[in-house]
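J.: Here is what each chain is made of, one letter per residue.
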Amino acid sequence: NAGVTQTPKFRVLKTGQSMTLLCAQDMNHEYMYWYRQDPGMGLRLIHYSVGEGTTAKGEVPDGYNVSRLKKQNFLLGLESAAPSQTSVYFCASSYSRGRTPQHFGDGTRLSIL
Amino acid sequence: GNSVTQMEGPVTLSEEAFLTINCTYTATGYPSLFWYVQYPGEGLQLLLKATKADDKGSNKGFEATYRKETTSFHLEKGSVQVSDSAVYFCENEKLTFGTGTRLTIIP
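For the protein sequence lines, the chains are A and B, in the order given.
According to the working numbering, the stretch in the first sequence is residues 130 to 242, in order.
According to the working numbering, the stretch in the second sequence is residues -5 to 101, in order.
No lab work stands behind these hints: they were computed from the structure.
One or more of the hints may lead you astray.
Each pair of labels, with its calculated beta carbon distance range [what the hints assert, rightly or not]: (1) A:Asn194 x B:Glu2: 31 to 37 angstroms; (2) B:Lys50 x A:Asn194: 37 to 43 angstroms; (3) B:Asn(-4) x A:Val179: 29 to 35 angstroms.
Owing to the predicted nature of the structure, the values given are computational and were not obtained by experimental measurement.
Where a beta carbon is used, it is the ideal one built from N, C-alpha and C, also for glycine.
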């Protein structure tokens, strides 16, 4: 049982480049989330989705876009990467929002030079 | 407002010591509360949870009691092991995480 799988695991970009992070879950969860983790700041919610075809903004959405075309996949895009977006990105999914725990991927370490 | 305040780290203890990591929350109503653990290079894993007041969550020797009178969900373990070294996060059901507490256990 794979759970939540994130690709890639590592990436280095130059300022201004674009890229897409992929998250896939095989638990048939309706809810999916993208977080960023920075030292001393815990996890901050970027965007989330309550089901296929839906997306919503979280706490720190600026500079990111997301899409949920298929229930099992949640994509996070950076259109024009900036050094401030250097972080570790985590995807998570859950059966429902709030009352059930989240299942996390192993993270993507992204460096913007 | 909606927030989670977690004990700042890092915390360093000797093996077999008693552990407490404090977590308090502010929220409307009585949200479900969770503790997650993150080992190096991995994502967060659920450690334990409590869904209503006075509930006690427990797992792997860790315990936390949902106390509405003090709006707290402190994590405790009676005798820590080196393998417990990790970062611990408190979360409420509003997708709000504490800043994480790094725990290091010395043999």
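J.: Hint by hint, say whether it matches the structure.
T.: Status of the hints after comparison with the structure:
Restraint check, A:Asn194 to B:Glu2: a C-beta distance of roughly 34 angstroms satisfies the suggested window 31 to 37 angstroms. At roughly 42 angstroms, the beta-carbon separation of B:Lys50 and A:Asn194 lies within the given 37 to 43 angstroms, and the hint holds. Range check, B:Asn(-4) to A:Val179: about 18 angstroms between beta-carbon atoms, so the 29 to 35 angstroms window is missed.
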